[in-house]
Amino acid sequence: MNLEKVIFGFFIVLAFTLNFGFFVGEIDVPHQHDVFELFAAIVVNLIATVLKFGDRTQVGAVHLATSLVADLQLIAAAFVWGYSVYVAGLGTSPGVMSSVVSLSGGALAANLVSVVLLIGETLSLRR
Amino acid sequence: MPNVVFLVLRRMRAPLITLILIYAISVFGLVVIPGVDNHGQPYRMDFFHAFYFVSYTATTIGFGEVPFAFTYTQRMWVVVCIYLSVIGWAYAIGTTFSILQDKSFQQAVQLARFASRVRRISEPFFLICGYGQTARLLCKVLDDQRMRFVVLELREDRVHDVTFADYRFDVPAYAGDAANPQLLTVAGITHPRCHGVLAITGNEEANLAVTISAHVLRPELLSVGRAKTRAVAENMASFGTNRVINMFDAVGAQFRRALHAPHTSRLWDTLSDFPGEPLPPLVKPPRGHWVIVGFGRFGHAVKEALDCEGATVMVIDLEDQTELPPEQYVQALGVDAASLRAAGIERAVGIVACHDHDAHNLSAIATARAIKPELFVVARQNLSNNGILFESFKPDVTVVRSEVMSHECLRTLTTPTLARFLGQIQSRSEVWSQALMREIEGLCEVHVPATWVVTLTAKNAGAVYALLARPQPRLELRHLMTNPQDHTRRLRALPLMLNRAGRDILLPPPETPLAFGDVILFAGTSRARGAQDIVLSQYPLLDYVRTGRDQPNSWLFRRLAAWRAARHPVEDEG
Chain S
52 MNLEKVIFGF FIVLAFTLNF GFFVGEIDVP HQHDVFELFA AIVVNLIATV LKFGDRTQVG
112 AVHLATSLVA DLQLIAAAFV WGYSVYVAGL GTSPGVMSSV VSLSGGALAA NLVSVVLLIG
172 ETLSLRR
Chain A
20 MPNVVFLVLR RMRAPLITLI LIYAISVFGL VVIPGVDNHG QPYRMDFFHA FYFVSYTATT
80 IGFGEVPFAF TYTQRMWVVV CIYLSVIGWA YAIGTTFSIL QDKSFQQAVQ LARFASRVRR
140 ISEPFFLICG YGQTARLLCK VLDDQRMRFV VLELREDRVH DVTFADYRFD VPAYAGDAAN
200 PQLLTVAGIT HPRCHGVLAI TGNEEANLAV TISAHVLRPE LLSVGRAKTR AVAENMASFG
260 TNRVINMFDA VGAQFRRALH APHTSRLWDT LSDFPGEPLP PLVKPPRGHW VIVGFGRFGH
320 AVKEALDCEG ATVMVIDLED QTELPPEQYV QALGVDAASL RAAGIERAVG IVACHDHDAH
380 NLSAIATARA IKPELFVVAR QNLSNNGILF ESFKPDVTVV RSEVMSHECL RTLTTPTLAR
440 FLGQIQSRSE VWSQALMREI EGLCEVHVPA TWVVTLTAKN AGAVYALLAR PQPRLELRHL
500 MTNPQDHTRR LRALPLMLNR AGRDILLPPP ETPLAFGDVI LFAGTSRARG AQDIVLSQYP
560 LLDYVRTGRD QPNSWLFRRL AAWRAARHPV EDEG
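Here the protein sequences come in this chain order: S and A. Taking my numbering, the leading residue of the first sequence gets 52, the next gets one more, and so forth. Taking my numbering, the leading residue of the second sequence gets 20, the next gets one more, and so forth.
Extracted from the complex, chain S is given alone in its bound form (with noise of 0.2 Å):
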């Protein structure tokens, strides 16, 4: 067992959940989707994008690049969360929750191909 691919695989699979877990719930309540829930994923993310740097690799090139995707729309989500709140004045209403949450989606759909990839990459190397 090495421990670079279980800090590898660890971080990536707990994007993913996060992710998941905020996205999860009706899309335009807001107390179905918690904000620590948000920050936590955006933090993973981050660190599992920095983790990918450096892989020259077809593979590592495409896992470098959903994460960044991932990243650019979780940020997008906390952007609008906090634009609606604070600079518009909106507060958290459906109208809000509803785009955050489906940025956030878009999010979960990037941080799923990282999965899938870091699965097919596993199966392929059949060790």
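Be aware that one or more of the hints could be misleading.
As the list claims (entries may be wrong) - What follows is a set of in silico ranges between Cβ atoms, one per label pair, in the way DEER data are often shown:
(1) GLN164/A / ALA116/S: 48 to 58 Å
(2) LEU163/S / PHE87/A: 40 to 50 Å
(3) GLU88/S / PHE82/A: 22 to 32 Å
(4) GLN164/A / SER175/S: 52 to 62 Å
(5) ARG155/A / ALA116/S: 26 to 36 Å
Keep in mind the hints are simulated off the structure, nothing from the lab. Bear in mind the structure is a predicted one, so any value in this text is a computation, not a measurement. Glycine included, every Cβ here is placed at the ideal spot set by N, Cα and C.
Since the structure of chain S is already known, use the hints to place chain A on it.
For chain A alone, kept in the frame of chain S given last:
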């Protein structure tokens, strides 16, 4: 070739993750710890404000406590945050600097930049491997001729010299082993614009490796190799190297030419010298008894030449020369009067001082001159720095290795037409050479003329116009030597050779009519060359040099001229 960005990113992984974690912990702590707002009500900081606060605190900007003054618990946590973030940043910045200062990283960056600069070259260039004294002289001349080049040199300090050499073009240079084929590829040996490769490093094996790589990667490429020994020279030639330069053979051949036919030799030297230099003087080595001091490869080459011309030779050398009969050599250093006398300096006509050490050479010359002042002196100068010493000694001939080498290289790089011409002149008489030399002297006022080739083929738009599109009046050789500003004056250019259908005509007369496909070798001033270029590229000028009349260019004036010609036919004819 490593991608620099990925190299940095890979090594920045640990510090970046540390930073992300520190930020996450700080923000999380601020959000979780309860605070109190202005009215004493319990309050929890939101993520936005927490991130805002950590961002300016971590970067030591410090805007104060927002949105409300902090409680004691919050302040305690902030203290932790401040130290954590400072450590995080110090770690990240420290790692960045250590990467930037890393030798191998800098090399990777330099290689990447070198490769991209070579890739972007859009003009013909030469790849020069080795940047010693020879290469310096050669680069200077190539630069004067607006030729571009790329330098590959093993020693880093010499690469810095390229940067500060003040060339017209930005010269890509890299410190690396030229024997590495991969590096040669990066340096542009497979670049479509690469016209030739010169292997002139001080290392024999490296030169051989370069010529082999050139042969394998681009067989049609012009390659020049420098060889010190015959074995390596033969090896290079077997790999299709176009020109193998053995400095000592070159010196020997030059010396023999001078002995055999001084005027032809001077003509040869003039035409293969760098344009703009003062004309080489006439060297007339006398025949008779010669003394050679120092019997290395140089001495061997000179002795061979002297033997061929029937001179008697005595050799002075420290080493025991088993190949020579004992009456032909004296075992000594050759700097003292006794050994020079033993070698028969009193009855000698000339001395060749060719030690590896300049000091020995100078002292041998001084001693020999004290005994016999009218000696003909040939001196070998090893280091270019010692040029001043040799100048004040005024030997009749000074041989500098780097100069010989760079002349030989240049002769190869310039056109094969010139090389053919130089071959042809050897079969001509001394009187012929002397006459041509006098003409060249008049041409460029004691400076070495430029030589260039005009090819009247489909690639030359002027040739297509003047020979095919409008063949009347007939284009003659003298038209190419006519001043485009005043047709009664001649350009300072001299046609040396005309090649037509594989036949070389030496010194073609000016009235020679030109035919499509002709190749003409000219010598003259660079201004004449420029003027000729302009004539050959502008159709009205081609008409002007042929007819002596300014033709109207625009549609209106052409009509006007036609109309006037119709009205006053006689006047216009006059």
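Hint check results:
1. For the pair GLN164/A and ALA116/S, the beta carbons lie near 50 Å from each other, so the given range of 48 to 58 Å is met.
2. Range check, LEU163/S to PHE87/A: about 41 Å between beta-carbon atoms, so the 40 to 50 Å window is met.
3. Separation of GLU88/S from PHE82/A is about 29 Å and conforms to the stated range, judged on CB atoms against 22 to 32 Å.
4. One distance hint, 52 to 62 Å for the beta-carbon pair GLN164/A and SER175/S, holds here, with the actual separation near 58 Å.
5. For ARG155/A and ALA116/S, the Cβ-Cβ distance of about 49 Å falls outside the hinted range of 26 to 36 Å, so the restraint is violated.
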